[in-house]
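Chemist: First residue of the sequence shown: 142, per our numbering; consecutive thereafter.
I should point out that these hints are in silico values taken from the structure, not numbers from a laboratory. Just so you know, not all the hints are guaranteed correct.
Quick list of simulated restraints, FRET-style, between CB atoms [said to hold, decoys possible]:
#, residue 1, residue 2, range
1, 322, 205, 18 to 26 Å
2, 205, 285, 54 to 62 Å
3, 347, 229, 33 to 41 Å
4, 173, 226, 31 to 39 Å
5, 258, 279, 34 to 42 Å
6, 326, 301, 20 to 28 Å
7, 347, 226, 31 to 39 Å
8, 187, 322, 34 to 42 Å
9, 187, 285, 51 to 59 Å
10, 175, 346, 30 to 38 Å
11, 214, 296, 25 to 33 Å
12, 294, 232, 24 to 32 Å
13, 164, 321, 35 to 43 Å
14, 262, 282, 13 to 21 Å
Because the structure is a prediction, the values reported are computed rather than measured. Backbone N, C-alpha and C fix where the C-beta goes; we use that ideal spot for every residue, glycine too.
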Amino acid sequence: MGCPDERKAPMLAYILKRLLATIPVMATVAVIVFMLLHLTPGDPAALIGGDLATPEDLRRIREQLGLERPIAEQFLGWLWQVLQGDLGTSLFNQMPVAQLIGQRIEPTLIIGLTIMTFAVIVALPLGVIAAWKAGSWIDQLIMTLAVIAFSMPIFLIGYLLIFKFSVELKWFPVRGYQPMSAGPAKFFPHIVLPSLTVSFIYIALL
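Construct the complete structure from the given sequences, taking the supplied hints into account.
Modeler: As structure tokens, this is what we get:
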């Protein structure tokens, strides 16, 4: 048997190789996304300036955004800003993109964790029962329900849950989000239905 260091060396080399392989992939994706944005119809300057913007206003906005520079220069400037953590400013609300992403990290992570929790709590015992009763009507019923849950559109499941638990029973709010800092009584009711809706497909997969 080899020593632990000898066994770790091939694994570290493999991980390093995989990390290096992602560099050309990410570079290709960055070029494609950047070019698609330039090929998309519309003028960002006109979107920012609005209907009342004069040609001089549009020229000033284009100059401020660097849209009059060559595409290659624009791409390199954009890439350098991204590598520094500067994702630019949103054209719609004039806020830094990094700040907008930061505002949505908490609900995204919490709802994702809640989805997986729901899925494991429901799918694990159902999977054990299906394996224990393999070939029986219980196994067939669980498999049928899994296929139905996987096949149903998520938006339809969401509408049904909202109609039943929000509109009729009024157990949960129809929309909105409250951060964890607002307290459990305000926070949890807003994440139950979204998490339960998306968890259906993961329950079916597990």
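Chemist: Run every hint past the structure and note whether it holds.
Modeler: Results for each hint:
Restraint check, residue 322 to residue 205: a C-beta distance of roughly 36 Å breaks the suggested window 18 to 26 Å. Remark: the range hint 54 to 62 Å for residue 205 to residue 285 is upheld by a beta-carbon distance near 59 Å. The supplied range of 33 to 41 Å is met by residue 347 and residue 229, whose beta-carbon atoms lie about 39 Å from each other. Checking the proposed 31 to 39 Å range against residue 173 and residue 226 shows it is violated: the Cβ atoms sit about 22 Å from each other.
The given range of 34 to 42 Å is broken by residue 258 and residue 279, whose C-beta atoms sit roughly 25 Å from each other. For residue 326 paired with residue 301, a C-beta distance near 25 Å keeps the hint of 20 to 28 Å intact. At roughly 36 Å, the beta carbons of residue 347 and residue 226 sit within the given window of 31 to 39 Å. Between residue 187 and residue 322, the C-beta spacing of about 39 Å keeps the proposed range 34 to 42 Å intact.
The given range of 51 to 59 Å is respected by residue 187 and residue 285, whose C-beta atoms sit roughly 54 Å from each other. Hint check: residue 175 to residue 346, Cβ distance near 34 Å, so the stated range 30 to 38 Å holds. Residue 214 and residue 296 have their C-beta atoms about 43 Å apart, which leaves the hinted 25 to 33 Å range violated. Checked against the given bound of 24 to 32 Å, the beta carbons of residue 294 and residue 232, roughly 31 Å apart, stay inside it.
For residue 164 and residue 321, the Cβ-Cβ distance of about 37 Å falls inside the hinted range of 35 to 43 Å, so the restraint holds. Evaluation of the 13 to 21 Å hint for residue 262 and residue 282 yields a pass: the beta carbon distance comes to about 19 Å.
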